[in-house]
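Participant: With chain A fixed as given, assemble chains B and C onto it according to the hints.
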Amino acid sequence: MLAYLLRSLTQATLVMLAVAFIAFSMFRYVGDPVASIVGQDATLKDREELTESLGLNDPFPLQFARFLGNAVQGDLGISYRQGRPVADLLVERLPATIELAMLSAIFALVFGLGLGIYAALNRKGVVANLVMSLSLIGVSLPTFLIGVGLIFLFAVTLRWLPSFGRGDVVSFGWWTTGLLTESGRKSLIMPVLTLGFYQLTLIMRLVRAEMLEVMRTEYIKFARARGLSSRAINFRHALRNTMVPVITITGLQLGSVIAFAIVTETVFNWPGLGALFVKAVEVVDIPVMAAYLMFVGLVFVVVNLVVDTLYFLVDPRLRSGAVVPAR
Amino acid sequence: MSDLAKPAPVEAPAKLKITFKERVALWRDSDLWLSFKSSPVAIVSATVTLLIVILALMANVLAPQNAFDPVALNLLDGFSHPMERGAGSGMLFIMGSDEQGRDLFSALFYGTRLSLVVGLASVVFSMVVGIGLGLMAGYLGGRIEMLIMRVADIQLSFPAILIALLIFGVARSLIPPQQYETTAVIVIIVAIGLSNWAQYARTVRASTMVERNKEYVQAARLMGVSGFGIMARHVLPNVMGPVLVIATINLALAIIEEATLSFLGVGLPITQPSLGTLIRSGQKFLLSGEWWILFFPAMMLVILALAINLLGDWLRDALNPKLR
Amino acid sequence: MNEPVISVRNLQVEFVTRRATLRAIDGVSFDIARGEVLGVVGESGAGKSVTGAAIIGLIEPPGRISGGEIVLNGRRIDNLPPDEMRKIRGRKVAMIFQDPLTSLNPLFRVGEQLIETIRTHLPMNERQARNRAIELLTEVGIPAPEKRIDGYPHEFSGGMRQRVVIALALCAEPDFIVADEPTTALDVSVQAQIISLIKKLGRERGMAVMLVTHDMGVIAETADRVAVMYAGRIAEIGPVRDVVQRPLHPYAKGLMGAIPTLEASASRLVQIPGSMPRLSSIPTGCAFNPRCSEVFARCHVDRPAPLPVNGRRVACHLYDQTSAEIFSAEASR
Chain A
839 MLAYLLRSLT QATLVMLAVA FIAFSMFRYV GDPVASIVGQ DATLKDREEL
889 TESLGLNDPF PLQFARFLGN AVQGDLGISY RQGRPVADLL VERLPATIEL
939 AMLSAIFALV FGLGLGIYAA LNRKGVVANL VMSLSLIGVS LPTFLIGVGL
989 IFLFAVTLRW LPSFGRGDVV SFGWWTTGLL TESGRKSLIM PVLTLGFYQL
1039 TLIMRLVRAE MLEVMRTEYI KFARARGLSS RAINFRHALR NTMVPVITIT
1089 GLQLGSVIAF AIVTETVFNW PGLGALFVKA VEVVDIPVMA AYLMFVGLVF
1139 VVVNLVVDTL YFLVDPRLRS GAVVPAR
Chain B
597 MSDLAKPAPV EAPAKLKITF KERVALWRDS DLWLSFKSSP VAIVSATVTL
647 LIVILALMAN VLAPQNAFDP VALNLLDGFS HPMERGAGSG MLFIMGSDEQ
697 GRDLFSALFY GTRLSLVVGL ASVVFSMVVG IGLGLMAGYL GGRIEMLIMR
747 VADIQLSFPA ILIALLIFGV ARSLIPPQQY ETTAVIVIIV AIGLSNWAQY
797 ARTVRASTMV ERNKEYVQAA RLMGVSGFGI MARHVLPNVM GPVLVIATIN
847 LALAIIEEAT LSFLGVGLPI TQPSLGTLIR SGQKFLLSGE WWILFFPAMM
897 LVILALAINL LGDWLRDALN PKLR
Chain C
166 MNEPVISVRN LQVEFVTRRA TLRAIDGVSF DIARGEVLGV VGESGAGKSV
216 TGAAIIGLIE PPGRISGGEI VLNGRRIDNL PPDEMRKIRG RKVAMIFQDP
266 LTSLNPLFRV GEQLIETIRT HLPMNERQAR NRAIELLTEV GIPAPEKRID
316 GYPHEFSGGM RQRVVIALAL CAEPDFIVAD EPTTALDVSV QAQIISLIKK
366 LGRERGMAVM LVTHDMGVIA ETADRVAVMY AGRIAEIGPV RDVVQRPLHP
416 YAKGLMGAIP TLEASASRLV QIPGSMPRLS SIPTGCAFNP RCSEVFARCH
466 VDRPAPLPVN GRRVACHLYD QTSAEIFSAE ASR
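Residue numbers (my numbering), protein chains in the order written: chain A, 839 to 1165; chain B, 597 to 920; chain C, 166 to 498.
Just chain A, same shape as in the assembly (with noise of 0.2 angstroms):
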């Protein structure tokens, strides 16, 4: 047991360090961060003391430590645009993000879990059939346009929702969240469905292809030659069978849920880091873009480490060092 979380936590660290190095490159060699701060009229001597100050002439792993010790401590460098620290933006937009990730994997989750059930125990019914139609067409509509249709809809039309912002939040020290007033919750629902609409439709997909594989296996057909229910059967046999690759792949879907998020948050004006990145590219922010790089990558680390280890608690082969098949 031990060996394997190693081995995750080792893998973790290593793409860590990838992504930062990515991060890092961009940082240092995209653009001209001397140019940045003195801006135009700097003579040339006023360039060198500063590239010496800033450690611009040290071998590259000095540079790259360098960087490293600094994210770690909080640093992230400043904004080539907003002339703020890039950690302060991180923090003051990271709730609106985290909130609409969240709220929006879970009900992805949910609906996709229970419509990919029902669409694999209901295999030849109407609705079923229905429902695999149109989650066809969700993966062809961009989540853009779902979130601009949402829009016209309750906004526009029947006036029911907000059209863009997250309403009144509340504080609790430097976080924010608009779950406690009634103008944040109803903020909060266009934005959900747009941003896990996709997510969704990927996960109903796989649950339901996932489960008809279950049920087609040899202990199934045994447990049915046993006279066990169809209910034992489907919900104590099969579901749980399904879970162990749905899992992987869900939990890693979930994880990009943040990186998703750029599009929902620029459609509906959300002040998240979604949004913060496109404005960075926009104008060519490389720190922001560098940092917001970096959180990605510890998110979908993180994420990645928590999923292997669920599949280790879901899963008895692992625990026992077999080698393990499909499910």
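Hints are computed from structural coordinates only; laboratory data are not their basis. Every residue gets a Cβ at the ideal spot worked out from N, C-alpha and C, and that includes glycine. Please note that a few of the clues may not be correct.
What the hints assert, rightly or not - Heads up, incomplete: computed chain A residues facing chain B, CB under 7 angstroms, no partners named:
no., residue
1, Ser978
2, Phe982
3, Leu983
4, Val986
5, Phe990
6, Ser1094
7, Ala1097
8, Phe1098
9, Thr1104
10, Val1119
Facilitator: Positioned in the frame of chain A, the structure of chains B and C alone reads:
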């Protein structure tokens, strides 16, 4: 028996040269065509896609108005409703006009054409990069293979949008601002292309690994011929099926990706309209009631993506050996 | 007393496909008495497994039972509604499959799977069911059952796993059990143990056992009677000693000739030329006629009905009195 007594014919034996007619007949008998004919979904989506492609490519010829030439526009035509005649020029605007009097019906042709071009080009780019890296990984093995596959794995867990945005941002910072507009198309194609190569690499690498161990590769190497070239010639035909499936679904994704990027404002500039930029402009007017400026480009995008996706789905099922 | 536990009469099973309707089983009849082991042999695709699946009610669409009847202890079971059939499955009839590794759900402990099955059919609480599960494990020969009951399937060896599978099948004291190639996936050394376990349990509990296999050696050792199946029909059925040592049907002769024995001289094994026809192209008349070395005109026209000969039933025109005029020498064999 008497044939043996005849002198041998001088021309090449007939069977070696298949006539075109016979080739077509062979194709018609193939599993793929039979499967296609029997699937109404495939036929409809293929027809729709083909129609859209042809119409888009002929934009210059078919569009009633050269929508992006400022000279052709009349401001008084602005905000005409669908099926209304313009107040300024009297032209019939089938899908309405935008704030500058631009005929949306014409704009749709041009927009679709650019979206298709960008989508196709980026898919080709992804394919070349992906197949190339996949072949390398499969053939060379060892550290290089591990490296390439790890990168592919990691890239596959991040949404393509993020990667495309990153590449776009980096490219932007390397290009002087004056050249943003002229290079936008190339940058977008490269950005989207680079965000989607991993799937191809995975599939091709798997097939390459299988071929690598076969004897003809060893034999070729012994003879001094590059095993790589020979293997590429044998791996590629085998792998074309799955690659085609990936490419089709990729095309739909690429078109959506471009639309998303343009919508976000980091894609094509307003002077080079694609479906995405049209939708972006249309969004501004949604709240004030001129819904058609957004509606028609959006519809076209959805129909196009849906048709291509359905085609890809059918292709995947038709080529799946397990289902035959 | 002499009423057979299970009685199959003229069973027909069809599979409806787009191209044609295939008859996987065409007029199969047999009885099995209490404590008796009926071996069912034949090549792959002869319909052995389908017969077992039909009895236990596990034929899935596009397959269906299209004719005949199955009677269990005097009660017809082939036409029961699904929930009635479900109650019978496991309780009155049981089935075990070939590969013990894939027959057990890898995510559940052995004990959990046992207790669940016991409590589905018998009114017991958790503790009673657990005790019963331990008893069953002992009966099938698992050492230290109180400990092993909490183990996962992958922690058992192949032979042990198959014993667990047998225990699971016996949870609710069924009257009839179908063992579908129970030893094919096991090591040779373990095969004999499992086979004798099945036979012993059948005897002790008075169960009727239908042992499906393509291994003639197993049949010769274990079965009381044997049915030789070919292309969905029974070619010959009778006491095992008779059929194995003095086979009547030409196909059965070929099969028995193909068993390698230590006593036989080192001559070539008998081979039956050709192969069994596919379901979509079964010949008219006797299904074996293309490969039969003793074929004659009638074989291509009439399908032979099972005829009683010397204490067994053979479906072959050679033994039909009406062909005696043509082959009087063979008929008196």
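Participant: Which hint numbers does the structure go against, in order from smallest to largest?
Facilitator: none
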